[in-house]
Structure formats: C-alpha cells, structure tokens
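Q: For the record, the sequence lines run as chains A and B.
Take 1 as the starting number for the first sequence in this note's numbering and just add one per residue.
Take 592 as the starting number for the second sequence in this note's numbering and just add one per residue.
In case anyone wonders, no lab produced these hints; they're calculated from the structure.
Where hints are given, some of them may not hold.
Computed cross-link-like contacts, DSBU-like style, restricted to lysine-lysine with a CA-CA straight-line distance of at most 35 Å [unchecked claim]:
| id | chain 1 | residue 1 | chain 2 | residue 2 |
| --- | --- | --- | --- | --- |
| 1 | A | LYS445 | B | LYS822 |
| 2 | B | LYS722 | A | LYS445 |
| 3 | B | LYS768 | B | LYS736 |
| 4 | B | LYS722 | B | LYS768 |
| 5 | A | LYS216 | A | LYS445 |
| 6 | A | LYS567 | A | LYS555 |
| 7 | B | LYS654 | B | LYS722 |
| 8 | B | LYS736 | A | LYS445 |
| 9 | A | LYS580 | A | LYS517 |
| 10 | A | LYS381 | B | LYS736 |
| 11 | A | LYS216 | B | LYS678 |
| 12 | A | LYS216 | B | LYS654 |
Some but not every residue of chain B turned toward chain A, in silico, with C-beta under 10 Å [what the hints assert, rightly or not]:
| id | residue |
| --- | --- |
| 13 | VAL606 |
| 14 | GLU636 |
| 15 | MET730 |
All residues carry an ideal CB built from backbone N, CA and C; glycine is no exception.
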Amino acid sequence: MHPDLTLRIAGESGEGVITIGETLCKIAAREGLHLVTFRTFPAEIKGGPCMMQLRLSEKALSCHGERLDLLVCLNQQALDDNLEDLGEDGALVCEAECELPDEGAPRTVYRIPFERIAVREIGSRISKNIVVLGVLSHLLGLPKPAVEKLLSEKFARKNRAVLEHNLEALRRGLDYAREHCSGRKTIRLPPGGKQNKLLLSGNEAVALGAVAAGVKCFFGYPITPASEIMEWLALHLPRLGGKVLQTEDEIAAIGCLAGASWAGARSMTATSGPGLSLMSETIGLLTMAEIPAVIVDSQRGGPSTGMPTKTEQSDLNLALYGAHGDSPRVVVAPTSVADCFRMTGLAFDLAEKYQLPVIVLIDQALSARLETVEPGLVERKPAALRLLAEPAGGAAYARYRLGPAVSPAAVPGTEGGEHMVTGMEHDELGNFACDEEAHTAMSVKRHRKLEAINDDALVRDLSSHFGDPDADIGVVTWGSSAGPAEEAIAAANRMGIPVRGFVPRILSPLPHRDLAKFLGAVKRVIVPELNFTGQFAALLRATYGIRTTSLTKVKGVPLSPGEIVEKIVEAAEEIAARSKPTHGKAAGQRV
Amino acid sequence: MEKLQDSACEYLSGVCPVWCPGCGYYGILSSLIEAFAELGVPSHELALVSGIGCASRLPYFVKAYGFHGIHGRALPIAQGVKLANPKLTVVVVGGDGDGLAIGGGHLPHAARNNVDFTYLLFNNAIYGMTKGQFSPTTMLSAVTKTSPFGLPGETVNPAALAIVYGASFVARGFSVKKEHLKNLILEGIRHRGFSFIEILASCASFNTTDMNVARIIKAMASVPSDHDPAKPLEALRLATHEEKIYLGVLHRAERPTLEDRCSEIQRAARARGGGAYADLVAQFA
Ligand SMILES: Cc1ncc(C[n+]2csc(CCOP(=O)(O)OP(=O)(O)O)c2C)c(N)n1
Ligand code: SF4
Numbered sequence: 001m002h003p004d005l006t007l008r009i010a011g012e013s014g015e016g017v018i019t020i021g022e023t024l025c026k027i028a029a030r031e032g033l034h035l036v037t038f039r040t041f042p043a044e045i046k047g048g049p050c051m052m053q054l055r056l057s058e059k060a061l062s063c064h065g066e067r068l069d070l071l072v073c074l075n076q077q078a079l080d081d082n083l084e085d086l087g088e089d090g091a092l093v094c095e096a097e098c099e100l101p102d103e104g105a106p107r108t109v110y111r112i113p114f115e116r117i118a119v120r121e122i123g124s125r126i127s128k129n130i131v132v133l134g135v136l137s138h139l140l141g142l143p144k145p146a147v148e149k150l151l152s153e154k155f156a157r158k159n160r161a162v163l164e165h166n167l168e169a170l171r172r173g174l175d176y177a178r179e180h181c182s183g184r185k186t187i188r189l190p191p192g193g194k195q196n197k198l199l200l201s202g203n204e205a206v207a208l209g210a211v212a213a214g215v216k217c218f219f220g221y222p223i224t225p226a227s228e229i230m231e232w233l234a235l236h237l238p239r240l241g242g243k244v245l246q247t248e249d250e251i252a253a254i255g256c257l258a259g260a261s262w263a264g265a266r267s268m269t270a271t272s273g274p275g276l277s278l279m280s281e282t283i284g285l286l287t288m289a290e291i292p293a294v295i296v297d298s299q300r301g302g303p304s305t306g307m308p309t310k311t312e313q314s315d316l317n318l319a320l321y322g323a324h325g326d327s328p329r330v331v332v333a334p335t336s337v338a339d340c341f342r343m344t345g346l347a348f349d350l351a352e353k354y355q356l357p358v359i360v361l362i363d364q365a366l367s368a369r370l371e372t373v374e375p376g377l378v379e380r381k382p383a384a385l386r387l388l389a390e391p392a393g394g395a396a397y398a399r400y401r402l403g404p405a406v407s408p409a410a411v412p413g414t415e416g417g418e419h420m421v422t423g424m425e426h427d428e429l430g431n432f433a434c435d436e437e438a439h440t441a442m443s444v445k446r447h448r449k450l451e452a453i454n455d456d457a458l459v460r461d462l463s464s465h466f467g468d469p470d471a472d473i474g475v476v477t478w479g480s481s482a483g484p485a486e487e488a489i490a491a492a493n494r495m496g497i498p499v500r501g502f503v504p505r506i507l508s509p510l511p512h513r514d515l516a517k518f519l520g521a522v523k524r525v526i527v528p529e530l531n532f533t534g535q536f537a538a539l540l541r542a543t544y545g546i547r548t549t550s551l552t553k554v555k556g557v558p559l560s561p562g563e564i565v566e567k568i569v570e571a572a573e574e575i576a577a578r579s580k581p582t583h584g585k586a587a588g589q590r591v
Numbered sequence: 592m593e594k595l596q597d598s599a600c601e602y603l604s605g606v607c608p609v610w611c612p613g614c615g616y617y618g619i620l621s622s623l624i625e626a627f628a629e630l631g632v633p634s635h636e637l638a639l640v641s642g643i644g645c646a647s648r649l650p651y652f653v654k655a656y657g658f659h660g661i662h663g664r665a666l667p668i669a670q671g672v673k674l675a676n677p678k679l680t681v682v683v684v685g686g687d688g689d690g691l692a693i694g695g696g697h698l699p700h701a702a703r704n705n706v707d708f709t710y711l712l713f714n715n716a717i718y719g720m721t722k723g724q725f726s727p728t729t730m731l732s733a734v735t736k737t738s739p740f741g742l743p744g745e746t747v748n749p750a751a752l753a754i755v756y757g758a759s760f761v762a763r764g765f766s767v768k769k770e771h772l773k774n775l776i777l778e779g780i781r782h783r784g785f786s787f788i789e790i791l792a793s794c795a796s797f798n799t800t801d802m803n804v805a806r807i808i809k810a811m812a813s814v815p816s817d818h819d820p821a822k823p824l825e826a827l828r829l830a831t832h833e834e835k836i837y838l839g840v841l842h843r844a845e846r847p848t849l850e851d852r853c854s855e856i857q858r859a860a861r862a863r864g865g866g867a868y869a870d871l872v873a874q875f876a
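The following block holds chain B by itself, in its conformation from the complex (with noise of 0.2 Å):
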C-alpha cells in the first residue's frame, strides 16, 4: 500500500493485515481508508463491524470503533449500533459465506428497513477462512473441498439479490480497479439508507479458478452511461447479464432510512399525549 496518500495512511491502525500475499481484500483496505480520508469523517465516528472470515477481519486494521462480531451477524449488530447512535458513520464488512449463507437471512431485512449504513460484501466466492469449502456465490461447475464432483445448487448473485430486497444503493465493484472501487464506496457512505457494495475479489489461496482475476478482467464492463439507476428492473438486467459483469452503481432510489421512521413513530407516540413516567404507572391504577 505504497501508493497511498498520507492521510489515509492516519486511518490505518497500525496492526498488520494478516491475509495472504496476494488476497483481494489488500485492494479493499486501501480503497475503503482512502474512501474514510476523502470523506474526512473523524475515526471515532467511524464505526466498523463484521463478522467471522478472512474479509471480517478487516475492522482490526482500521483506526475506528471496530466490532468483530460472529459469524452471520454483522447487520443485526450495525443495525444496532446505528439506531443507538445515529451520528456515527457505520460501514459493514464480511465475506459471500458470512453474509449470504449464515447470515443470509439479515439481508433483507437491513434493506427493507433502510439502515443508513454501508454494506461491504466481499465477493471471493469461497471460504477463505475455513480453507476453501464452496459459498453461495461459487460457480456451479467448481471443484471445492466440500464440491470435489461439482456443486449441489445454484450460484447466488449478490447485486442482483440486493436489487430484489430493495436496498436503495446497489453497486458492484472489483477490488483491483482501487479508483472506482474508492468512489462506489464514497457514493455508497454518502447515500442515505441501506448501500450494498457488492466487491469481487480473488481468494489467492482457494480460488484460484471460478473467481480469478483474468475472469473477471475479461468480463467486466463499466456500467452504461445511460443507465437510469432509479429504475431497479433496469438495475436487475445489469446486474444479471449473462457475459458481462457489469461494474458501477446500478440501483439507487431515495425512501425514508430506519432512523427516519423511528423519529416518525416517537413523533406519532408523542401526539397521543403522557409521556411521562407517572402516566405509565397511572395506567394500572
């Protein structure tokens, strides 16, 4: 991480990263701290929760507020920590098996409420941490520890999945190309509601085939410019396209965020009037 410029290097804790030599997830740590200096959000405002894998280690390398949570369980836990403290600036982090098998359940329902925080889901399409056992997001064709004659069911596509659940940002970016993958995670923070950051990246020591970066270099593709992201079927087709992986924000609609809503319902419980502990007590009188 050479390259990096020196206030990003102030977001960096000082603990050694202790992924391979090789692994995606390097690219995702710079984009992710040049991402926090642009934005210019103090560390202790920032608030960085995972789960359990080789991505949900990231939080140990931030200067930040870190939560390492288990495994699956990272949105409930943000979810959480936002509604507790609506100021802070809370980015979520885990791999394809953290956040869409164990915790795939969680999904929906963080983009259904809205939660006005970031969703970083790094994509190897592997168990990195378990040492290769396939996820929801490996091809159907590879060979696994847990897969040797190939896999039981379908692969899973996370943007799409987003779009489906309505989440109100959906953007996909490739750990390589560090710029864009910076500038999705800047849009993404500075959106208000629920962004999911769909972010492929290679496994150097257990994906070396499905998920390698000449694949995805041969098939990736800038997301048109016409492209109206308002429009989630639009999205959906981008997302979904057969040959290309198509890179770039492909959803975006304003609604109101969970913080909103709860703000709405105190505002509607306030109006019925007695808000006071003895009027709770006088209820039972």
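Looking at chain A on its own, in the form it has when it is part of the complex (with noise of 0.2 Å):
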C-alpha cells in the first residue's frame, strides 16, 4: 500500500480525461482522502491532447507530485507523451491497440479494449469513459456503491436511461477488469481520513472566498484561466443580494469596481496579465484616489498573448509596479487552493482597511487544480472594515486628511460628506493641488500604509517556514512554487543535506522583520519561480541586497520537487568544494 499514489489520466481532449479524472477526485474526497491535482489543456478549443494528474495521500500533500504510480492512456499519442514520466514500478493502463516502446516498457501493463467494449457492448463511443472509469474503480479498489452514487447525482438532471446507459458502461469496465486485471498487482487507494473533505478548484476557493468577505459587485472581462471566477458568482451571488456584471472590456471592469467601491460596496475583479496590463492606469487612480480594491491575477505565459492555458509566475513585476508614479499597492500571493479563499479574504480587509487596491496573484495551475480542503477552513468573517466618516455639520468634511495613515471615507449618500475624489494631486478637501508640499504630504500618506500593514495583526503568520532551522541553505520562494519547494526542502532533508525555506505570502509590503532575519541567517538563497528573469530574487537582491541563486523555469508546467532537490544539491556541493583547504583552480570559481 501507498502512502501516496499518484496517476494520470492522458488522451485526446474530449476523449473524457476530465470527467473521469473529477470524478476519481470526488469520490477520493468523500473517502476523506487529501489531494492534488495538474491539469493542462490544449491552447485549441477542439481537440489536442489534454490529461489529468491525480495525487492521492492519507496526509495533507502541498503539490501534485511527479513520479507516477499508475498512468492511463486513452490513445497512443498519449501513451508516447507521456510514458516517460511513469515511475519504474509504476503500471500502465492503455487502450488494447496502443504499442508499447521495446526498450522502457513499465513492467505492469494493463491492456484494455475500451473502445471496443463502449461500441460493440454499451453501443456508443462516448461512454468509453465511463467504461475507464469502471476498469479503475476496479484497479484501485474503489467502493461501488459510491461510484455509482456519484454517477447518479451526475446524470441526475439528464433521464433515467443515460444514466442506466453510463451505469451498464461502469459495470462493463468493472467486469472486465475483474476478469483480466486480477492475479496482478493491484494498487490500492491509501486508507481513507477520518471527515468528508471539500473539493475546489482555485478559482472556486478566490470565488467563494469573496463571498465569504461579502462581496457585493463583480465587474470582469473573460480571459482564461480566470473566468471561472466571474462565471461562478454570476451563478452564485445574485441570490445572495449581489451584482455581477461582464463588461465591454478590462478598463470598463476596473472603473465600474472603482465607482462602486467608492460609493461603498465591497468590489472586486479578476483577470489575468493581458487584462491587469490594461488596468494599470486604473489601478494607479485607485491608489490616488485612496479607494479599495480587489485584483484578482490568475497568471498565465506571457508576453502578450503568450501561452494562454499554460502556467507562470511572470506578472510579478506588473502585480507590484505596474501604473504609473509611484503606486503602493498590496500584493498577496496563495499558495494553495485553501490559501485562496483565506487569502482573497484577507485581500478585501486590507482594501477595505486600508483603502487601496490589493492584487491577489495566483496562476493557472492554480486556478485550475482541485485540492481537498477541510470544511472548517472555509468558514470566515470579514475582520476589517472601511473607517467611515460622520461628518460633522458646519466645517467641510476632509476625505484626505493628513495625520493617520488612514482617513476616514465618506460614502456618496453620507448627509455631509460630500467631496471630491480624484486622480490629481490633491489637499485634504481633495481639491488639485499641484505644489510640492501636497505631493511629498500625500506621497508619504499613501506609502505609510504599507508601513502600517507591516505592523498589522491582519498579516502576522501569514508566511510559512519548512525544514531544518540551522541550515545554512535557505530557499525563498512565492506563490503556487511553495508545494513544490516544501516537498524539495523535506526530500534533501531527507537525503542528509540540511536546509530550510521560507514563503511569504504578502510579497507588498514584504514581511522585512521576518524576511530580513531569514535570509540573514542563511549563506546561500536558492529562488526557484515560474519566470524566464527571475522576478522574485531581483525584488530580493534589491531589498536586501543580497546574492541569489536562481531557478527558473518557463515550460508552461509548475516545478517539480526533483528540480529544485538538484538546484539544493549543486548548491551544497559548491558550499562543501568552497570549505576544502584550495588546491588549484577548483576553488571559488563558481558563485
């Protein structure tokens, strides 16, 4: 028995990858089972080959995994893409046609005629499957009764003979698989966890997340891989009171957040980096005009329109510096999919708190990975709100007062508070004010903010420390990198090489206090992210000054545990040569 089992379904995309992949997911969920998923998708809208990775674990997992323990194949281009990344005791089901390689055939094959069994028995080709399903549901042990519950909740809504069709198409596979599969090595689902868990993707955590923080408007313009965002409350919050408009495009979406933020709603958007480019301008406004706001990046592979549904950590830069003039702004990073309801709660309090824009950056492998997530963790409350203003009859209300970082803000309908916001320069009535005096005063008021986040109960323990507390190798990473990373950190552990990481998960303002003793306490600081420059360690080298190992990566996939092991090994070899006594020309040439 496994502790963890991961597998992988591949094929060509409408073959049913997904659906049987989210159906494994579901049921592994209700068995109390933790897991991870990857999925990629084909940048076409027809056709392509697609797949889907399931790791499975009685304990909490923190990415999908990479050696693969089982590996389905619906068709021979997907037994050739992706055999090579099977494990050497890991087993293969394929489709009876499919050639195996004569050299690095796994030694545990499973041939299955799905096609055949769907046409000829079921007499149709798209419950093929269905019929999968079942030869896995045998492989892997799972509880009939339970997948077939979960096939008649799915085709609850079409008539009762589809789903007596899909039914007959599970017993089909199961059947089969008693009848060949048995005698062999059979893999074993790890033993269930206590409590029924949850299932969500990214996009579903940031969605419910913002309602959990009560939301109230959602403004967007589709762009994958964060749609899912938009088109889940479209579905959802009307009934809880709320609004969801699609836009004509990003600019439009940004504005009508900025109204009705201003006039007193909690707002939010979420895109991805083509459309957080076209919002810069507005994200400066916002942070002139000291109004909150909610960004939501799912990144993707840019420039431009780069690889749409492929992953990458490359709008750093623009999450954190991208308007004009000086624009603090807070960016939070997730680092998981339950990370992304806690975080895009967090996200609407600083707003809210802070009265300014805050971008919660997270990418496609994240928005689109489905992850267990304990039922208690999505359960929250708003814990800050926006000071509001009384104002006082007689003197005109100040919406910009200087003085605390925060002014207090009164909503359009306030009886008093009537006043100006604006993207110029301004005094504290909010009229334009363009001399030196207003700039510097209303310069320092708005990066105070960060300062006082900085010191804000809100953001304490909101970075994670892995590994061993003494070494001298520290790896510093952000985002959806943070799995891999802490699976590398324990690896190398492990392997007798000591080191330790740390993860900030709000990279505006930086968390200096714990940060700055982190990386002080190490010799060497490995960042290993999903970007071609090395975004994340030049924000760190230029903070703190210091030297920095990059690991980068820009395939359109997340870093593999394996990658960043080799990066911590190469990287205690170099520390071990460098502490010989030198003898020729070995010695610190390499830094």
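With the hints as a guide, dock the two chains, each given alone in a separate frame, to form the complex.
A: Next up, the structure:
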C-alpha cells in the first residue's frame, strides 16, 4: 500500500479525461483523502492532447507530485507523450491497440479494449470514459456504491436511460477488469481520513472566499484562466443579493469596480496578465483616490497572448509596479487552494481597512487545480471594515486628512460628506493641488499605509517556514511554487542536506522582519520561480542587497520537487567544495 | 453667473472654476446647478463623475459627491456607482475627446445597458486641456495643431451615434441657450434609463473657427413640435441634418434599466433556492 498515490489520465481532449479525473477526485474527497491535481489544456477549443494528474494521500499534500504510480492512456499519442513520467514500479493502463516501445516499457501493463467495450457492448463511443472509470474502480478498489452514487448525481438532470447507459458502462468496465486484471499487482487507494473533505479548484476557492468576505459587486471581462471566477459568481452571487456584470473590457471592469467601491460596496475583479496590464492606469487612480479594490490576477505564460492555457509566475513585476508614478498597493500570493480562499478574504480586509488596491496573485496551475479542503477552512467573516466618516455639520469634510495613515471615508449618500475623489494630486479636501508640499505629504500618506500593514495583526503568521532551522542553505519562493519547494526541502533533508525554506504570502509590503531575519541567517539563497528573469529573486536582491541563486522555468508547467532538489544538491556541493583547502582551480570559481 | 437663483447657488462648492474667460462651459455649469435646484435633490445624494479634460473639471465646482477619474473612463465609473447605490442621482460629464475618442468604447455599452444616469457630453470640437489638437468632432477642414493640413478622418456626430447605439434618451443643447439647456438636463435626469445630452459649446482658446458660437447660432433650429421622439429613425434624420443643427429632445424610449435587469436576475437566482452560504459550500462536498 502506498503512502500516497499519483496517477495520470491522458488522452485527446473530448475523450472524457477530465470527467474521469474529476469523478475520481470527488470519490476520494468523500472518502476523506487529501488530493491535489494538475491538468493541462490544449490552447485549441477542440482536440489536442490533454491530461489530468491526481495525487492522493492520507496526509496533507503540498503539490501534485512527480513520480507516477499509474498512467492511464486512452490513445497512442497519450502513451508516447506521457510514458517517460511513469515510475519504474508504476503500472500502465492503456487502450488495447496501443503499441509499447521496445525499451523502457513498464513492468505492469493492462491493455484494455476500452473502445471495443464501449462501441460493441454499450453501443456508444462516448461512454468510453465510463468504461475506463469502471476499470479504474477495480484497480483502485473504489467502493462501488460510492461510484454509482456519484454517477447518479452526475446524470440526475438527464433522463433515466442515460443514467442506465452509464451504469452499464461502469459495470462492463468493472467486470472486464475483474476478469482480466486480477492475479496481478493491484493498486490500492490509500486509506481514507476521518472526515469528508470539500473538493474545490483554486478559482472556486477565490470566488467562495470573496462571497465569505462579503463581496457585493463583481465586474470582469472573460480571460483564461480567470473566467471561471466570474462564471461561478454570476451563478451564485445574485442569490445573495450581489451583482455581477460582464463589462466591455478590463478597463471598464476596473472602472466599474472603482465607482462601486467608492460608493461603498465591497467590489472585485479577476483577470489574467493582459487584462491586468489594461487595468494598470486605473490601479494608479485607485491608489491616488484611496479607494479599496480587490483584483485577482491568475497568471499565464506571457508576454502578450503568450501561452494562454499554461502556467507561469511572470506578472510579479506588473503586479508590484504596474502603473505610472509611485503607486503603492498590496500584493498577496496564495500557495494552495485553501489559501486562495483565505487570501481573497484577507485581500478584502486589507483593501477596505487601508483604502487601497490589493492584488491577489495566483496562476493557471493554482486556478485550475482541484484540491481537497477541510470544511472548517472555508468559514470566515470579514475581519476589518472601512473606516467611515461621520461628518459633522458646518466644517467641510476633508476626505484626505493628513495624520494617521488612513483617513475616514464618507460614502456617497452620507449627509455632510460631499467631497471630491480624484486621480489628480490634491489637498486634504480633495481639491487640485500640484505644489511640492501637497505632493510630498500625500505621497507619504499613501506609502505610510504599507508600513502600517507591516505592523498589522492581519498579516502576522502569513509566512511559512519549512525544513531544518539551522541550515545554511535557504529556499525562498512564492505562490504556487511553494508546494514543490516544501516537498523538495523535506526530500533534501531526508538525504542529509540541511536546508530550510521561507514562503511569504504577502509580497507588497514584504514581511521585512521575518524575511530579513531568514536571509541574514542563511549563507545561500535559492529562489525557485516560474519566470525567465527571476523576478522575485531580483526583488530580494534589490531590497536586501543579497546574492541569490535563481531556479527559473518557463515550460508552462509547475516546478517539480526534483528540480528544486537538484539545485539544493548543487548548492550543497559547492559549499562543501569551497570549505575544503584550496588546491588549483577548483575553489572559488563558481559563485 | 450673477443671475443665478439663490437655491441654485447652494449647489456651488465654492471652488472657483479654472476655465478660460469666455469658455462655453460656464453656461453649462449654471444650467446644471439650476436644474439641480429645480429638481431639489439633496447634494449628498448627487454623484458627479467625470474623466479628464477641461469639461471633466466641472465636479470640483459643484457641491456634491464628485469623482474626477481618468481620461475616458467616466462612464464605467459612474455605472459602478449607480449599481452600488441606485438611490443616487448620477450625472456624468466629459469632453468630446474624453467620451468619443479614448472612451469611445464605453458609450455603446452604457447605452445598451440603459444605466439610469445622465451623460452630458460637452462638444467643443477640440481638445481644450491639451491645447488644441483635433477631436473626433472636429470638422474635416479644420486646421489644428495636429492637423495642420486638415483632418485624416470624418467627423463624428455624437447625438446620432447615441441614437444608433440605442440610448433611450438623446438630446442636443447649446451652452448659450441656458434655460433650454436646463430643461433638457432636467428631462434627462428625470428619464428612467440612460440619457445622453450633447451640449454644443465653444472653446474660447483653441476653437474659434469651426465650432464657434456664430456658426451654431446661424444653423440652429428647434426640434419640430410634431417630431415623434419615440421613432429612432426620425430622430436620426434630425440629428444628422446637413444644414440645420436641431436642438431639443431627439429621441426618447422607455425600456428596462440595468438596475431593473439586476433585480430581475436576483429574483430569478433566488427562485432557484439555496441562498445561504452553507448551500454554496455544500456543492463542494
Ligand atoms: C491616458 C491619457 N491620455 C492622454 C491624456 C491627455 N489628455 C488630457 S485631457 C485630453 C483631451 C481633452 O479633450 P476633451 O475630452 O475634448 O475635453 P476638453 O478639454 O475639450 O473639455 C487629453 C488628450 C490623459 N490625461 N490620459
Ligand atoms: S481651453 Fe477651451 S475648453 Fe478649456 S477652459 Fe479654455 S476655453 Fe474652455
């Protein structure tokens, strides 16, 4: 029995790969298992190879794993593309017709005539995926009633015949596997946990988090991989009295957000890189006018339209700096699905409390991945509200009063609170003022918010520490790269290489106290991230004047723990080589 | 503005307008606050939203909630304001460049959504604030700083565009005809839905030729008394007349507003049931 199990289903898009994967996920979640998935999508609307990888475990997981225990291939192309990722002891399940390579074929192979069973015995090619599900149910030892129940729920809206058809397909798959796959090595699901878990994608967690945080208005323009956030909210938010509007473009979306938020509604938008760049002028306005806003950016491969269905962490600079002038904003970076929920809520709290834009930086892999979440983790209430003005009659209300970092806001409709908000530099009343004193004082006011946030209990304990607290080698990373890093650190420590990790979940303002302490205590800083230039590493170098070792990747897929382990081993070897007495050319060459 | 009624003066913020002497916008400001006075809307329930340009400076001069945004984006901002608080009376102001060039993409959508606010487009056929470049409404033959040899493209007709985009109320006024303009603004605000008012105005500093007051006065005419504003094609015919510049209400139609549609959507969603947070969580179990 495996402590955890990683399986991948690969096929042509349209063959039902995602249905199989999602069904397995749902069953596992109901059995109380932890799971993390990874899926790839072709950029085309129809056709093209796709796959879904699931890692299941009794224990909490931080990433989707790399060594496959089970590979399911629905066609030859899928087999050719994916076989090399199957571990030596792994098992292959494939369409009977597939040809295996002469060398490197796995030891355990189940060839199943999926297509034939579906067409001849069920009479429909589209039920092939349910036949596959039947075979996997047997191989994984899934409880049959649970699978049947799930199918019944899935096809409840269709007519009875469709359900019967699918249940029949499931049975045929099961029977075939029972007859032909027994006596061989059977892969078992890890034993389940105590409590049923929820199964959500990162995008769903963001949307649910927004609802829990009291979002009232959502404005957006469709873009992969963020669209699902708007789609989910369009379905659910109106029921709770909220409003969702698909606008004519991202500029309009964030403009609506600015107006709605000024008028007092907790408001939000979600986009991806190209949309975020269109929004950057308005982000400057939000900073200048001191209006709360939550902006989710699910990063994809860039620049430009780039690789719209593939993941990357290359909008960091845009998120941190994208706008004209000095435009302080908060940037938070969730690392997991549960985190997407939590950090979206935090984003609202910070935006409202400090009256500024907050960007939630996720990426395609996190948006699309399914993960189990403990039900208790999706309960929350707004923890901070906007400081509202109670204008006294007589004296004019000063919207931008200097003094504390945050000045009380009067929401339109409030008697006596009439004021101007503006993107122009202004005095305390909001009136145009372009003298040096006003610009200096207001720049200080806007930036002071970040200092105040650094001291706020809301952002305490946002960073994760991993590994050996005495190690000289440190790994610092962010967002979805945290999972693979955590696993790599654990693996390296098991190999006897002392290493520790630090993951800040807030990137602007950086958690200086903890981060500086960590960076000061290690001799070597490895920064893994999914972009070409090492944007986060550059930020660390610029902020702390340290040296970093970048591990970058732009293949459109997440980092694997193995890739990070390699970098750690390299660093360890270099440190060892340098601490030896120097002879000849070896020492001090590579730094 | 010495002739203003006392009640209208209460809508002045006290901030002195920064417009050039002789700018047509002064007339618009006085018509606007007179309309507010007649409407009797309390200033804290008034939201004025603008983009960037000379026209967009107007909210500073009015006692109300004011949002001076960025170039071209007043319409989306105002739409957000209205959705967040439908009780507010929202008025959007901006120039022809702001509304038809950089922000031109938003007009069809504000019209089609029929957001219940009033958009005053100040048409001085030039970019005033940036000192005299041509705008989408500048006449083809005009010599401006960026069209020293004439314009590259045809002239846009704002009222006609608004009719074609499906605005449910379209009117044309003239900054010099203050009483007439005040009435148009009143009608526009009272109209349920998106009201678009093109307001002809002069730019004393950069457009004294093609859009000057004398030319408008020569060509202007009142919308005929037998005009049926419910017919968009008739409205379009008047709006695009070759010789005459028709002033008045060109088009008016009643249809659901964005707020109506949002309420409708909320009702439909609630009918599906499961409106509690726990129900949302349950779908992931
Ligand atoms: C993104 C952006 N581009 C350009 C400008 C410069 N700009 C400010 S006002 C303006 C044109 C104003 O013309 P119009 O909208 O016709 O208003 P008017 O000043 O004539 O009232 C321009 C181009 C800007 N502020 N922002
Ligand atoms: S530049 Fe023209 S539009 Fe601007 S204030 Fe002066 S006269 Fe008015």
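Q: Of all the hints given earlier, name the ones this structure violates by number, lowest first.
A: 1, 8, 10 and 15
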